[in-house]
Amino acid sequence: MMSSLAVSTKLQTRACIYCGTPTSRSPTADGFVFCCGGCSTAHQLISEAGLKEGFAAALGDARPQRPREDAQSFQAFDDPGFLAAHAREHSPGVYAIDLVLEGVHCAACLWVLEKLPRLCAGVSSARLNLAHARLTVIFEPHRAPLSKVTETLSRLGYAAHPARDASRLAMRRQQDRIMLMRIGVAFASAANVMLIAVALYCGDRFGISAETRHFLRWASLVVTLPSLLFSALPFFRGAMAALRTRTAHIDLALALSLGAGYLQGIINTIRNSGEIYFDSVTALVFALLASRYVHQRKQRQAADATELLAALAPSIAHRRDAQGGVVDVASASVGIGDIIEVRAGEAFPVDGEVVEGSGCVDMALLSGESEPIDVGPGDAVHAGTICAGAMLLVRATATGSDTRLARLTQTMQTAASERAEIIELTDRVGAYFVVGAALLAVVTVIAAWPLGAEVAIDRAIALLIVACPCALGLATPLAMSSAMAAAARSRILIKTSAALERLTRVKSVIFDKTGTLTEGRLTVAHWFGEPDVRNAVRALEGHVSHPVARALQDGGERPNLTVSQVKQITGLGVMGVVDGSHLVVGAPHWVAAKAPNGKLWEEMAGDLAQQGMTPVLVARDHEVVGLAGLADRVRDDARETVAALQARGLELHLVSGDDPRVVGRVARQLGIQRFEALASPERKLAVVRDLELRSSVAMIGDGVNDAAALAAATVGIAIHGGAEASMAAADVYIDRPGLTAIADTFEGAHRAGKVVRTGIVFGLIYNVIGVCLAVSGIVTPLMAALLMPAASLTVVTLAHTMRTFGGRR
Amino acid sequence: MSLLYVLLPLAICGAGAWTVTFLWCVRDGQMDDLEGASWRMLGDDERRPQ
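If you're matching them up, the sequences are chains U and W in order. For the first sequence, position 784 (counting from the first letter as 1) is numbered 784 according to the working numbering, and the numbering increases by one without interruption. For the second sequence, position 27 (counting from the first letter as 1) is numbered 27 according to the working numbering, and the numbering increases by one without interruption.
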């Protein structure tokens, strides 16, 4: 008799009942689903009568965001050295510290976190920067030690890390502020020049005294200067850099037009004749800066989400000194051979070897495996992974930049820098623009020379101004940022617009391992034997913890049978007495040897193994009575994703480190023709490089061992639930359970590419019209002033109305 | 038209004042978090102890 007992365990996604964000977290005891601690606390507060009681209740059972923070000791945070390194003195006895929080993403978070002074006496203020998930806390250490503050935050559901990238962040904030200042000045200039321009245009039409006209032109020159000297600076700098490195850049084309416009305007104002183009040029500077700002912000949002990694390896180590005492020191000052204490729930600060104690280690950061690994004396442990069991004593073998985590990061960065940088589309088109406009200008001067030198130069400059690729400069950043925002709404984080552009050119896709396409855990795929044997097995395995045991327990109620004398034999199986009969469950050769009828069953087991399954034999009272085939099931959505990708004409590869039989089974089931098993991380990197010689490659993976391949691929896509370091290496991070998002990513990128191209085509049409008018000498400042915003407006509208990622707009 | 010679510089000074105020706001850090503020106003005010 044969029955398939595989259980469907589709990952369920629910909507947070407070803010509606999709989440894969499981419901609370009272049946509500929340996406974060903030939402659950906020909901609780609203449903409770008073604020105070609400907080008390919320703190009573608010569970930490991540179980690993459970036992985290925050004592090290109170170290005076720690305070000196990470906090700054606000006023005597009062400190301010920036904390990076995990799990911040909505208004409820902000609301709850800023109520911190009420929850923690001694905290005078807490201010959250929602965009960067950073909380600035002002507190008095003698009333509210930092450990208490972080503990309260942890109980609210936010794991807090001291912001370690303070200097980089301060630099970035400074850049953001200068950018905003440039935009503000550009806006003030543009708006006021526009007002004066209206007076001048009206004057041209209805008559104006020469004196007034001269005065107004000088006034607009004065108002233009801040825009020219401060706001437009980045374009001129970009152009200079492009000239120095002899590369094509859109800034060069923009600077040529802006420069020509400003210069012509200034000269003509001084000689009091000819056209001034101040209104067009200032408006343009404002529009270009604003679109760049929007673009930059969108790009950073995606990058920020993956930047938490820096805070993961702890900066404090507990070092044992010769007398057996424990001193907290900075991780960087730990020497090789030093003995370090790592407490349960903490991350290892260095690579090392366990010398005392045994427990388990959560390797998720490095391997993406959620299953903790058992370690004992002599075993190696790595920085950044988490000590999940009891306290361990570790002898440091590598510290700082020599740890495996640091070396992996290094490989990742090298691989990323080796990838030939592809010149962005706008820059390529921009290069033609510069050359084209310059040539046309020369042609215009020669052609119009018979009309007089002055006329010829006027026309050439008018041409340079209308040939400004402003729509081009706007089209790409706006369309890209609009697409990236839409992608982020459907939980696909794209780090740079260059990655988005590269996605559209991908020809082949590599799945890094079978675990990406399968559920990542064993289930019973085949069962030969009577149901009562199955129940007996289930009862026996209930007393054992092992991945195989867990698989055998699944599928049905836990039977109510008496189990005794359970004995586990490592690597072979388990035996025990169930309901009076002796039961042995385990590896086929081991079980078969215990029973006379074992030979036949062992052959059947061999067949299952050939199909890529893990066979388990069951013997009762020295007679084999059952056979289970365990396999990692293909995910429900894998088939449809693979079909969707193949329908796009993508060439699919499966390159896995697993056993050839397992890889073959998964590839056959999904219809992937090209597969390779037993591939080491180096081999994966080589496969990526080989394929890249032919075409653009996307690599989809989730482990840190693939980080180098992810970084080397044209586009690296890290998927949900993977190792956190792979998020840093990838260009795209999918923050949503399930594989359907992969197909959505390619579909969205394809659409975004279309939007960009449409925008560029429209921009070019306007430029061609403008150039034609300029060459024939009929372009007036008014025409230029109308043509340019019209072009920009078309492009902006296109970027915001065309559909890219997600179902609707 | 001589009024223009007074009013226009005045208007430009007004624009200058606006710009300076804006620059001060940015420098002061008021524009660092453009998202939080829109949510912050939705929260309840702290009730004053009576």
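It should be emphasised that the hints constitute simulated quantities derived from the structure, not laboratory data. A quick note: this is a predicted structure, and the numbers were derived from the prediction, not measured. It is possible that some hints are incorrect.
What the hints assert, rightly or not - Cut-off 25 angstroms, straight-line C-alpha distance, at most; resulting in silico cross-link-like pairs (SDA-like, lysine to any residue): (1) U:K115 to W:G14; (2) U:K115 to W:A17; (3) U:K115 to W:A37; (4) U:K115 to W:G16; (5) U:K115 to W:L10; (6) U:K115 to W:L34; (7) U:K115 to W:L8; (8) U:K115 to W:L4; (9) U:K115 to W:W24; (10) U:K507 to U:T523; (11) U:K115 to W:M41.
Verification of the hints:
no. : hint             : result
1   : U:K115 to W:G14  : violated, 40 angstroms
2   : U:K115 to W:A17  : violated, 37 angstroms
3   : U:K115 to W:A37  : holds, 15 angstroms
4   : U:K115 to W:G16  : violated, 39 angstroms
5   : U:K115 to W:L10  : violated, 46 angstroms
6   : U:K115 to W:L34  : holds, 20 angstroms
7   : U:K115 to W:L8   : violated, 49 angstroms
8   : U:K115 to W:L4   : violated, 54 angstroms
9   : U:K115 to W:W24  : violated, 29 angstroms
10  : U:K507 to U:T523 : violated, 34 angstroms
11  : U:K115 to W:M41  : holds, 14 angstroms
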